[in-house]
Every structure is written in structure tokens, then in C-alpha cells.
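Listed below are the residues making up each chain.
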Amino acid sequence: MESFLPWALVAGPTADAVVSWTRSHRPLERVLVAHEITAIRPSASPTGPIVGSTLAFVSALLGLVVLSPTTGAATGGLGWDRLGGLVAAFALAMSIVIRRTAGRSLAGDRTAGQFDAAAALLAAISVVVATAAHPLAFVGGWALTTPVVVLLVRHDRRAATRQAARTAGRCLLVGDAALAAAGVLAVYGLHVDVLRPGATIEAGPLTTAVALLVVLAALVRAALPPFHRWLTGSIAAPTAVSALLHAGVVNGGGLLLVRWSMVTYASTPAVVVAVAGGLAASVLGVAVLETRADVKSGLVWSTVAQMGFMTLQAATGLAGPAIAHLLGHGMYKAHLFLASGSALEARAAPHERARRGWFAVSAGLAVVATAAAFWLIRPPFVDLGWVWVLPFAFLAASLTVTLTEWIPGPWRRVAGAWVGCVALAFGAVAITAIIDHVLAPSLPAAAPAVGGVAAITSVVVALAAAVGLSRLRVHDGPTADRAYAQALTVGVPIPNPIGAS
Amino acid sequence: MNPTGTDSESAIDLDVDPDSRRPNTPAGAGRGDPSLRLELGLALRSLPPTWPLRTFVAANPLAGFEDRALPDALAEAAEPTGAYGVLAEREYLDLFAAGMIDEDALRRAVHAAVRAPGVEPPGPHDLVIDGTHLSWVDLIVADLLARPPLAVATAPRRQVSSTERAIDEAMSRWAAAYLDPHATWPMPHRARGFWAAWCRLVVHDPTVRALVGDTGLAAIAQLPAAPDDALHALLGRVEGARGDVLRGQLQHLPGWSMAMARGAREGVDLGAPADLVGFVAARLALAVATAERDGRAPTAAVSPEPDADAPQAVASQGDRARLVLHHVGIATPDGATQEAVARLLALVPSQRRAHVWQEALEATAHERLLARLATSPAPPIRSARSDAHLVCCIDPRSEGLRRHLEARGNYTTIGFAGFFGLPVRIQRDGAPTAEPSCPVLVDPRAIVVETDRFDPHWSRRQAREAVANNTLDAVHDAKVAPMSAFALAEAGGWISGVALATRTFRPTAWRRARRRVDRHLAAGITTRMDLDGSAGLGGIGLEDQVLLAESILRTMGLTEGFAPLVVLCGHGSHHTNNPFRAANDCGACGGRRGGVNARVAADVLNRFAVREALSAAGISIPADTWFVAAEHDTASDRVHVFDVDRVPLTHRAGLAALQADLAHAGAALAAERCGELPGAPAALTPVEAAAHVRERAADWAQVVPEWGLMGNHALVIAPRWVTRPHDLGRRVFLHDYEAAQDPDGRVLTTILTGPMVVAHWICSQYRFSTTDPEVFGAGAKPLHNVVAGLGVLEGAGGDLRLGLPLESVRWQGRPVHLPGRLLVVIQAPPERVDRILRENPVLHRLVGGGWVRLVTRSGPDAEWHDHRVSTTEEEH
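Chains C and V are the protein sequences, given in the same order.
For any residue, its number in the numbering used here is found by taking its place in the first sequence, counting from 1, and adding 404.
For any residue, its number in the numbering used here is found by taking its place in the second sequence, counting from 1, and adding 157.
If you're looking for bench data, these hints aren't it; they were derived computationally from the structure.
Take the hints with a grain of salt, since some may be wrong.
Stretch by stretch, here's where chain V covers chain C in the computed footprint (C-beta under 8 Å, at least three residues) [as the list claims (entries may be wrong)]: (1) 682-694; (2) 736-747; (3) 831-842.
Positions of the beta carbon are idealized from the N, C-alpha and C atoms, including for glycine.
Next comes chain C alone, as it looks inside the complex:
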């Protein structure tokens, strides 16, 4: 039964997609009308059914609870494991929610039916990628994503969306080609089941080649610079499309790194490239988003930064936290996109505020709380070592400082805010630990050799970059001017100088 579940999960959203497409295009009625058998005029029905997707979602949840945690046998290239089940359930849930909102927000648009069908199809493809047990099945699902993304971005075929779809297609194809090559090399060159956790892969030139190709594909899909264009251009498409890309498609990069980690972890150059790419994206993304005056560009660059961070996690050996981040961020970003029309409802201006200046206390408290959370939660769960604690405590500290430094009024209000932040940090650690524990059988058992060093280096570099960025913002000089102008124009298409006409 386990071996058939993935196909059942694919079938649900596929059925939705077919019904939705049929409903909006009415091929049968068209034929009947064309032959004057009936007089019914085709009409667009914006909302398709979500029954299939919902059934699939529920089945995936049941599977996670009921089925055995170890990887089962594969059927037709797809197999059940917890990682696949969790990611599939997430993709299905996001698809259901976004399709439901789009049923209303795109109702005045004649392409609503097309969006609905494509979104359902994208969920089906995501299930394929999530549950692929054979490298070539993974590559196949991965490659199918691109045409659907192009279709979604092209939307109503205005000049702007056509251009964005072309850019997206070209950009994503680079990653698809790289992964296809990696898949072929892995299957016919390495002769190892690379997707099986615990597979032993010898380091060597071929492994490094495969690993680098995999990292390249992941960087493209996660929209990390210099492959961010496909995502930055997609603002031309409706909000619902953006929500789908940011909550779903970009996550492919993280899933790829985790699924293929047997190969990538075996190659130090690949790990270094991924860490460097992730680190650069997380720094650059924040710098760029701080210059953006429009809400959607800000969200896009926030995603770039978040995906950079997630890549960093996945590449340094924190596969479980990477998946946890990917799920949390998907919901976070989908919500921000779908609520982006509320930007004007926010208060007109930030209030007059005074800094507390209790950074050290706040940060120290967060570090202690995070350490305590680990100490409390760790025993029953997997041991990823101190590598995991440090970045986490660092993040919790920065969040706590940001959240509490402006709180006005008596000290007990600040104390209240601290308690809230500690609870938040505790909750995040708990969720991450639970996900890591639940997924353990699907995850690599060991971190890459350079993981610890890379994690520490990343924290130091990120801290330096954050300090540098805050200096640049208040600095008055040519360096700051140049940095600002560059950040403001990153991701903007450079006009063709010969386009004089």
C-alpha cells in the first residue's frame, strides 16, 4: 500500500486539474456547439474542485501518522517516506489555499480557469518531486515544473508577462539541464542509489561533477543570485502566482539539496559553492529588500535572502532545520503576498520611539533560552551537535533584540516582550526539533566534513555584513552611493544599448 500512496497523492490534484481545465475550456461543449448539437455557450468558471487535492492532503497526513518511518519500496519511480510525505502534504495544502483565494481574486479575469488548472497540476508535479525514489523520476518531475511555471507567469499574455515568462523559462532551463545531466551521471556513472539515505558514495571527480551540477540546479530553483531573474520578473503576474512560486516552487531548491545530500555532502567543493551562494544571497537579499519601495519587490528579495539562508542550512548539514525553514517560510511568504493589498491599511508613519539600548541583556537572554530549549528538547531527539545550537541561538538573539529594543513603558513590559520572544524561540526550536526527529530516517546521518567550519564562518561573515550594511545606510559618501544605486537596480533588466528604435 505504501508503494502506491505516492501515485494516489499525484492522482488527486491531477484529477482536479483535469476537471478544472475541462470546466473552463469546455472542450466537449465546444464540439457540440460547433456541430450545432447544442446551443450552450462556453463560459469561464473560475473555481475548480479541490476535492482531489484535499483527499490527497488527508491521505498524506494519515500516511505520516500511520505508515512506517523507513523508506518503503518504490513503484514507478515514486516511493513513500516521511520527507516526501511531509513536503507533499505541504505542497497540497498551499495549492488548496492559494487556489481557493484565487477563485475569488481572479474571478474577474478570464484566465482564472487556466490558473486554477495549472496550480493543481503544479501540486501534482510537486508530489512527484517530493516522493521520487529514483533519480530520473526526480529529474522528470523537476523538469515538468518549468513549463507549468512559464504558463503561470505568462498569465494573460500581456507584453510584460510574456517577457517575464520568457526570462523565467530560460533561467529555469539552466537548472533543469544541470539536474538532467546530474541524474544521468548519477544513474549511469556512479551506479549508486543516490537518493537513499545512508548510501555510501565515494568522493571523486565524478561525484564532484554530479554534486556541483546538483548545487547549480538548486541555486537556480531557489532563485539565488545570479539566477534570481526568474523570480524577480514574476511580479508581472498576479499575486496568486507569486504566492504559489514563493510558497512552493522555490522550495524545490532546498528539497533537492536535502534529497541529494548523499552526493553533495561527499564533495567539499560542492558544499563550499552552496554555502557561498547561500551566504551571498542571504546578505544581498536583505540589502536589496531594504531599498525597495514597492511591496512585492521587497517580498521577492526577502525570499531570495530566506532561500539563501535555507541553502546555507542544507549545505552545512542541517537538513532537518532546512526543511523546517522551508515550510515555515512558505506559509509566511504566501500570507505576506496574499495580504499585500493591505499595505496601505498599515499605520501611516512609525511612531516616535526611543531605543532601550539593552541589547546585551536581550541577546544574552535569547541565547540562554535557546540553549535551554535544546537541553530540554534534545534528549529524545537526534543529535546534530553544537553546530546546530550556535546559529539558532544567534538568530533567536537577533530576533529578540529587534523585537524588544523599542518597547515603551515600564520594565515589566519589556520583560513581557522577552518572555514572548523566548516562547517564540522555544516554539521554533521545538518545531524544528520535531520535524528533524520525524524526518530523521530520510535525512543524511552525518554532516559534511566542512559543515561546522562553514557554519561558523557563515555566522561571522553574516554578522560582519549586517554591521557593514547598517553602517552603509547612515554613511554619506561615494561608497554608500554606489552601494545604494547597485542595490536599487539589482534584478532590473539592463536595457539593450542598441535598442535605439
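Given the coordinates of chain C, work out where chain V should sit on it, guided by the hints.
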């Protein structure tokens, strides 16, 4: 009086007072050329008046051309952009098939078009073909009804060259960066003005470098440091009249240009000067640099390049003639007949056809309304005292509420401008500025503070609110700060997941939860309007209060027969996640909700001292009359009554009964609206309908929470009995007016110069947003991208969008709003109206230029009289 008032004033004045159109001056602007700013101010007039989206105000996009006749204005305004002022022909055919256009009206429109001055002789004559007598009108109508050739309505859409588009994209980016005061990383040097900042930064912009090359950047660096001097120097290098060049530059980015000219936003300190001169100089500098790079001489203004994709093919006259003859039953005409018919059809050239249709569409709607109003029975004998008066805004949506409430009991309703005649600014206690709450054409001086300081618990509310605000700010900071953003996504992501599911599947539950939080923050305290300025800020003096009270009552015609309860009912729309929410709020209150004005007016009218003074002026309000303020939520059709705790105990029972009737009327109105709202289930009971509209209003994905003022096409200035027997479908502005009480026409002048102009602007805004959603409208909502807290972009760049969103006027590609000019129906002696028209140049222009159609009658038995002020008459 108010230190921050000046910013908002300049923002409001910009489109009213020609002198203040001159943009604010950044420091060291340079004054070598004093006429430059004047010319720029004139050029700015050609742009649609716009306000920041937070306080969207409907305005006629062609307001700058209102001194010309509508057809000329349309031709001139459309010339640079190729904008459409009428629908596509096929849309008119659909409307004709749907019965929205009478064939009679179409024939009259054909007559008018062919007999219009300027049509070349020979005039039309009937034809006799094969013994069949064919009237020329029939033939032209048959031509109009035949499948339309691929005719383009006006000039073909201008296709901007790729270079110009790239310049626009770059300028859009810099303008957005400049105008965003809350960016985490603000544009460096912006405090010194756009030009100064741009000149220092643009050399690092790779897109500009690609456009103009290093030599171009060097040339830009050589330009004078003062924006005026730079613009002067640049204009000297461009061929063509300076006015044309400036207008051309502005028309490339009308949205950003208006925002640059306006600078400071309502209640927000921009932290940088408004610098339109610098913005235009920057754009012109790029235009000149690219032209010089290409070896072209920089030329004036706009270079219209017809869109190659636009349908150009127009069926030949011969084809049209054959089609028409086939239509009337002559299958094989001879050459001469065909030629005669072709000559006849040439009288309505292809480009005019849609305009003929538009005339017919408008005439049909107007005639139908006039015919219905003519059937209203004469005024009923004044019966017993009403249980309550309900004074509503003239807004068409109030018509629905009034109609349903009147059906429920002994109520009298009155239509009146929704700001209740109060030129005031309202300031929430603790807010940094006072926001004007009156028509944008009025410049308010008085400030009224909405406060809760009288309540012993007010500090508790303030503290709670401060914590809430700081938490929101902190979360915003955490979102954009390095590092903490990642932790926030992980920690907050699952909370977002819950929000995502709730807002999608249970929007009402989400809204209830939010309201509960709001109530907690309010700490159970209700606010009061501080009329006397006892908190030390604002206030209205007693004498002014009396003057305002008298003018309010006289303008609404309520000077006797006061009911025990007089409800002053403003309106506003409470829905979510819509940047264009203010478009559904009260236009008379400057795009804000009108409840606050109603509260101030009710407080004034309840004052003993005011009433005493009023009775000296001849208006005696009975001691048992109490004024109550309320607000009609047009999204959910619920009416909220303010300050219930202040209502005398004697009136509580009456108020409770009225509130119950208002609830029923609202539910019935919701049921009526659900018949038209897209996606609403069919045949709902009032209770179900009320629940449905509430859910729509709470739904974050809903693009049509309500239809707003869709369909508005007429303003009736008459006693309520003229309109009361008819269901006007929430499409007509209603202002009460009793001619007998206004012998000198002063009230009518006020109505015509105030509410009528507002209605005309709203009507025009809807019209042009429908006919051209791309140029005059804001495009589709799902593509909108809020920028700089100011407006929306479509997608990632381009101009700041103007006008109404597509979903307000069209649905699935079809127009739901039927465009047309405003019909103003007045019940008053025509001579009085003529005199007012003569005395008011603005009204004379609007009526004479065909912007509004004015129809009057002196009483129920009189015929309608069409006021046609021709421009030739003006010269006599």
C-alpha cells in the same frame, strides 16, 4: 493653528488653485528662468488630478481640459496616448442586444451626428432602390448594427519606443525610492531634493549607463546643480516649444509626475522637498542623452508611434455598403446603388461610429430616468410628524438604504452632501496630523479632535495602543533586518499558516477575532468629538457653530417639521486587503469615512446655545428633537449609531425601533445587492444576504466587496417625493431641494457648484476608467503592487497607476459600468437655473461643453427643459 497643516493644504490646493500648482521649491533651486515654473505648472494641468490612494478621490481625468467642449477635450487628451474615451463597438452591440440602448435613441444620435455642423454637403437623402424606399437613417443604423469592421475608436494607441520605456522604468524606480520616507535604507541625499540626489546616484545606475553610455553620464554630471537651471539648460537643447516639451515629459509618467508635484502626503512627513522640476529635468536629461547617443536631434514632446499590433484594418466603404444592402434585403445591388449607399455611409466615418453609439447609450439611460421621474404623483399632503429623519449622503448607494428604510415605517429621508457641510479637519487624539474631512475642492481651517481624554481610563487605552503599535513596528523591523528575518520566518511561519487557512476558509471568524483585539485595545472607551478644543487643540467657536448649523439645515431643506430623532448618516466601506478601499468611502469627505463629520454635526445641532441662536435666525428646533450621528457601512449594509449613551432616555425606545428597522432595511438592501454581486449565491433571503455581504467584506481575496458607485449616471436635485416612488437601483445621486424655500437660488448655487461638481467628477472617473482601463484606469487588482505607501504599480514598474481598478468597472472583460456623462435633473424654475448658469463660469463651461446635461422642470406638471448653453451663445 496647526503646524503640520501646511503640507496637507498644499497637497489639496494643487489641483484647485493655479498659483499653488507651482511645485514647492527645494533649497537652492536656482531662479534664472522665472517663467519656467509657470510653464511647468500649466503643463501639469494636462494630467489627471490625483491624490494618494489612501484618500482616493474620484476626479475627472480630463479636468485640465474642462474649458473645452467634451469632444475636443477628448481628442486633445487622447492625442498623445491614444486613449479611448468610448467603448469598443462590439461592446455597444452587446449592450444594444441586452436592451440597454434604444433604437430610437440610436436614430436620434445618427441624426445628430450627420446634421452636426461641419459635415460636408451634400446632406443625406433617402434612397429608392428597386422600388423600395430606404430612409438614410435606416441605412446608417443598419450599418451600425452590422458586424463592426475592425475600426479603432480613436487614434491608435501610442507605442512607446523601447528607449523611452527604459527611461520611464529608470525614472519610476528613482521616483519610488525618493518618495518613500519609510524605506529601511532611504535614498541617500534625498533631503536635498530629487535633482541633487539623483545626480549623485545615477552615475552608479547600470541601467542608465547602458542607456546613455559613459559620455552621456559625464554630460549629465556637467549639468547645473540647481534643478531650475538644469531644466532651463536642457530645454535649450531640445527642438520645439517649451510647453510641448514639458507636457511630453510629464505625459510619459503622469502618476509619478503628480506625486512629485504633490510631495508631502496627508499626515506623512516626506522628509524631502517636492521636486517636480528636478524630476522633469532628470527625465529630460536622459531623453536628451539617449537622443544624442543615437545621433538624433532631441525633439519635442511625444513621438506617437502607432502600435503595430493595433487593429488598423477598416472595412472599405464598398464592403460596408454591400453588407448594409444585404442586411436590408438587397442581395445583388448594382454599382450605382452601392456607390450611393457608400456615399451615405461615409457621413459617419469609422472613427465616429463608437461616438454615435455612446450618444445613444447615454440618451437611452437619460430618457428612461426622465420618463420615470415624470410619472411621480404630485406631492402628498404633509401628514403627521415622522418618527425619524434620516439624512444620508447624496451617494447613489444611500438611495438603496433610504428606499428600504422608507418602506419600513413612518420615516422621512433626506439627501445631502455626506460631509454635512462641515469644512473641518479631524484629528484622532495622538495622531500626528489632522486630516481634512470634506470635499477636496474645499480648504478646511477648523480642526476637531476626536478624543477620549474625558474618560478616566484613557491612559490605559493609550498604553495598550502604544504597545500594539510598537509590537507592529517591531515585527516590521524584524521582517527586514538581517538575521532576525530568518528567525521570524521560522518562528512566525506556522502562525502565518493558521492565518492563511482562517482568512481563506473562515474570513468572518478572522474578522471577529481582529475586532475582539481592537475592542481590547480600546479598553471599553468610546471617543467624543471635542467641539470646543478643550484639550488645547482645534475647536470651533460658538458663532461659527451657529453659522454652520444654519447653513446645514437650510441647504438640506430641513427647517421645520423636525422629527423627534434626526439621524445624520455618513457612510464608509469596511472591507479588507484592498489598496483602493478609499474609493468606496465618502467622496464628499475627501475619500474618508463620513461618520466623524456626522458626529460633529450632530453635536453642534444638539447644543442648547446653538439652538437658541438658530431660533433667533428663524429655525426653531423642537426641544424634543435629538440629532444622532450614524455611519452606513456600504460593504455590509449595516448602520452603526454613534454616541448612543448620550441619547436622552426619552428617545432610547424610538432609537431602538429605528435601529431595528435600519437592520432590516440593511438586510433587504444586501439581498438586493447580492443579485448583482459576482459570485453571490442566487436568491438569498435578507438574513442570508446580510451574512454573505459580511463575509465578502471580511474576505481578503475578494476583489468586489461591493460595487461602489458603479452605474452612477444622474443627479436629481428635487424633493424626495419626485424620486420616492421609484427603485433607482442605487445609480442616482439624490440631493433634496425645495425650490419654494430658496427664492434667491442661493442654496441651488451651492448645490450646483459643490455636490454637482463632485458627482460629475465621480461620473467622469467611472466613465473613463471603463472606456480605457489602461490609460485612465488602474488596471487589474491581482497585478497591483503597492508602492511607497502612495499608490499602486502594475507588476514591478512603470507609472504610478491612476483612476479606478478594472474590477470596479468591468468584469470578465465586459463593462459593468455604463459610461456616460452626468445627467442633472433639477426641480426648479428653469429661469433660476439659467441665471445661475450665467453667473457661474464653471457651471457654464461644464454645461456648455457638454460635460454634464442639465434638465429642469418647475413642477410636476411642467415639461422637462433641456439647458443647452452653446459656446456661440456665450459670445453674444
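So, going through the hints one by one against the coordinates:
1. 682-694: n = 6 at 8 Å, threshold three: holds.
2. 736-747: holds (count 11)
3. 831-842: Coverage by chain V holds here, the residue count being 4 at a Cβ distance below 8 Å.
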